[in-house]
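Asker: Given only the sequences and the hints, what does the whole structure look like? Please build it.
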Amino acid sequence: MGMTMAEKVLARASGREEVTPGEYVTASIDCAMVHEGLAAVYVTLLGAGISSVWDPDRIVAVLDHAVPAPNERYANIHKLVREAVKKLGIKNYYGERAGICHQVMVERGHVAPGMLIVGTDSHSTTYGALGAAGTGIGFTEMAYVFATGKLWFRVPETIRFELEGELPYRVSAKDVILYLIGKYSSEAAQYKAVEFAGSVAEELSIDGRMTISNMAMEMGAKFAFFEPDGKTVKYLEGVVEGGEALKADGDAEYEEVYRENLSGLEPQVAAPFTVDNVYPVSKFEGKRVDQGVIGSCTNGRIEDLRVAAEILDGREVHPDVRLLVIPASWKIYREALEEGILTTLIEAGAIICNPGCGPCFGAHMGLLASGETCIASINRNFRGRMGSYDAEVYLASPATVAASCVEGKIADPRRY
Amino acid sequence: MLKAKGRVWKFGDNIDTDLITPGKYMDLPIDELKRHVLEAVNPEFAAKVKPGDVIVAGRNFGCGSSRETAPQAIKALGVGAIVAESFARIFFRNAVAIGLPVISCPNVAEAFDNGDEAEVDIEKAEVRNLTKNVTLKATPLSEDIKKVILKGGIVPLLKELAEEQGGKAQ
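Quick note, the sequences are listed as chains L and Y, same order. For the record, in the first sequence the residue sitting at position 320 is 320 according to the numbering used here, with numbers rising by one throughout. For the record, in the second sequence the residue sitting at position 151 is 1151 according to the numbering used here, with numbers rising by one throughout.
It is possible that part of the hints are untrue.
Pairs of lysine-lysine, PhoX-like flavour, derived with a Cα cap of 20 angstroms [stated by the list, open to error]:
| # | chain 1 | residue 1 | chain 2 | residue 2 |
| --- | --- | --- | --- | --- |
| 1 | L | 150 | Y | 1159 |
| 2 | Y | 1003 | Y | 1050 |
| 3 | Y | 1124 | Y | 1005 |
| 4 | Y | 1124 | Y | 1137 |
| 5 | Y | 1147 | L | 150 |
| 6 | Y | 1075 | Y | 1005 |
Read the hints as simulated data drawn from the structure, not as lab findings.
Answerer: Given below as structure tokens:
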């Protein structure tokens, strides 16, 4: 019987000819990614009496969640991370001047098609955009991976989304994934892998695919694959060598195959406080906003900044609104600088912050006061996610955020 | 411990890990962090929960961020077990990894009211409402998962590994 992409990766990583959904395998990890969570992993290892790791070359450490440190406690966490990097001999360390871990992983050549990657971050599904099996784990399991290079997995069932048609003007990858989460629910892919295929998937850039694989986590996905193609090869040229041409078999068995024609898709918005509370932008048009955020591992890439600059070019951010723009990495920051995007955004009144997670998870900067409303290109709108329990976060594409910041209220980007 | 008996604290669907341990408190030591657990949903919970008490919840408990502080802080409060209609994947793994008993159980949310007495038996995969005298069948955990919970999580396994290999695990 044929295998899905998830089954192929787990079979290869566990030294089997084939695997079937529901069985448990112990797989060898190709790459382990840690951010500030390394501090907890390190403390756990030391507490267990383990002082060396299975393969320092296969570990990547990034500082991204709170850089530069906003307080003394985070400064101490960062200090512990640096100590861990030295003591454990971790070769691939990117400190404060790299960017958000998932973007850095891809840019610096740690992700290739067919790899099995675990990260101490739920959005590690992002690597699926390049055909890698990426998934999030906690720090205790990561300590086990550091010590042994292995982890158990339940072989997941796979859901396939066939995305057909052509995306309309100002409708992007973010709108696609919000629409799918809204329609199929935040549990649609619980414990499962997903594969995205069809003409829309093929047409999307790698940036767009990363947005979708990233947010597939919000429907519970364990892995979120796009089949590597010519675009993948081109994107990774000069960045990483190797990788297999991972492809699902024609006779692979799927738990569900959903077909969607997206030619008529409208810009989508997820209202508080769950990511599957999704409606077309028209439902919320006119709702006043206090803050806009364009950034995060979901939508802080060059395409995202580019569309924001297109919309804000020659316009101004509404005087009652603060717009924070946070490039996902220093590479993107520099590209945006060279393309003139940053100048356009600054002239429009945006605040450019240094690459990192920014306000997305509510522990760094740009947080919300009680009663405030934010429209953000991030991935979660949970209660208290970005500051006050009494603030609201609406999730949307960078285009919708930019248009909304011009008008001072939630707005349809197709007018721009 | 594969059994828990205590007062039920009931929560709804989609209780995310930001609600359990909010980002703004994430850098606090666990003994301070635990005082904020689920405060946006039930401000009394963290102050009043007693060792052995049971969390009963709806679907998708622990969704969102992979932060292990979520099960860690719940465990630090002394919660004996979490029974939910379903769990988000990473939370479930993290709970097992630190030896916090978790088990999914269809229809559990409607079988309990806040404040009922519950008895949870992970070994038998049974959840009893002692107040209403109802017994529900939970979804059995695999033998391997039960073993990890019984051992107290992965750290004891790592310690064994370290002893076997003199600090150099391979």
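Asker: Look at each hint and say if it fits the structure.
Answerer: Here is how each hint holds up against the structure:
no. : hint            : verdict
1   : L:150 x Y:1159  : holds, 16 angstroms
2   : Y:1003 x Y:1050 : holds, 15 angstroms
3   : Y:1124 x Y:1005 : holds, 14 angstroms
4   : Y:1124 x Y:1137 : holds, 9 angstroms
5   : Y:1147 x L:150  : holds, 18 angstroms
6   : Y:1075 x Y:1005 : holds, 15 angstroms
Checked against the numbered hints given earlier, this structure breaks none of them.
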